[in-house]
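What the sequence shown shows, in the working numbering, is residues 1 to 121, in sequence order.
These are calculated hints, taken from the structure and not from any lab test.
A quick note: this is a predicted structure, and the numbers were derived from the prediction, not measured.
For glycine and all other residues, C-beta sits at the position ideal for the given N, C-alpha and C.
Be aware that a few hints might be false.
[Unchecked claim] Taking lysine-lysine pairs in the DSS-like style, the calculated list, with each CA pair at most 30 Å apart, reads:
(1) Lys38 x Lys68
(2) Lys80 x Lys93
(3) Lys119 x Lys93
(4) Lys38 x Lys80
(5) Lys72 x Lys38
(6) Lys119 x Lys80
(7) Lys119 x Lys72
(8) Lys38 x Lys93
[Claimed, not checked] Between beta-carbon pairs, the in silico distance windows are:
(9) Val84 x Ser112: 32 to 38 Å
(10) Leu116 x Ser85: 41 to 47 Å
(11) Ile73 x Gln31: 17 to 23 Å
(12) Gln52 x Ser110: 15 to 21 Å
(13) Lys93 x Lys68: 19 to 25 Å
(14) Leu34 x Ser85: 20 to 26 Å
(15) Ser85 x Glu107: 42 to 48 Å
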Amino acid sequence: MIGKMITSPQKAIIGVFLLFSLSACSKEGIQVELAEIKNNLVLFAVENHTDQDIYSIEFEITYYSTDKSLLKIDTVAYSKTTDVSGNIFPFVKVGEETTITYSMPQETSSASARVLEFKTE
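Please build the complete structure, drawing on both the sequences and the hints.
Laid out in structure tokens, this is it:
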């Protein structure tokens, strides 16, 4: 039958798929750009364009040589900080920018980073 109705199990599967699709899109609200390579360090600018503060975040950083061959892939994580008074500060607040610096292989001429996951609490 061409106009067959969707059954409840099919609706549940579609709902789960949509939920995962929406959570994957939320990473798009965090922009990561290479800012500088200097003295065996790579500096990335991280901008939070989501509607919530980011308390912890995990990045995948990929390093390339001058001939564009892959040198190394690192996974790094950053999280909130707590000051001496016990106040908790997010990694990056809504609408703000921060930077991350990481040591790189000596032959690196370019690098890229992407967000693997993040938490808002």
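- request: Quick one: which hint numbers does this structure break? Sort them smallest to largest.
  value: Failing hints, ascending: 10, 12, 13, 14.
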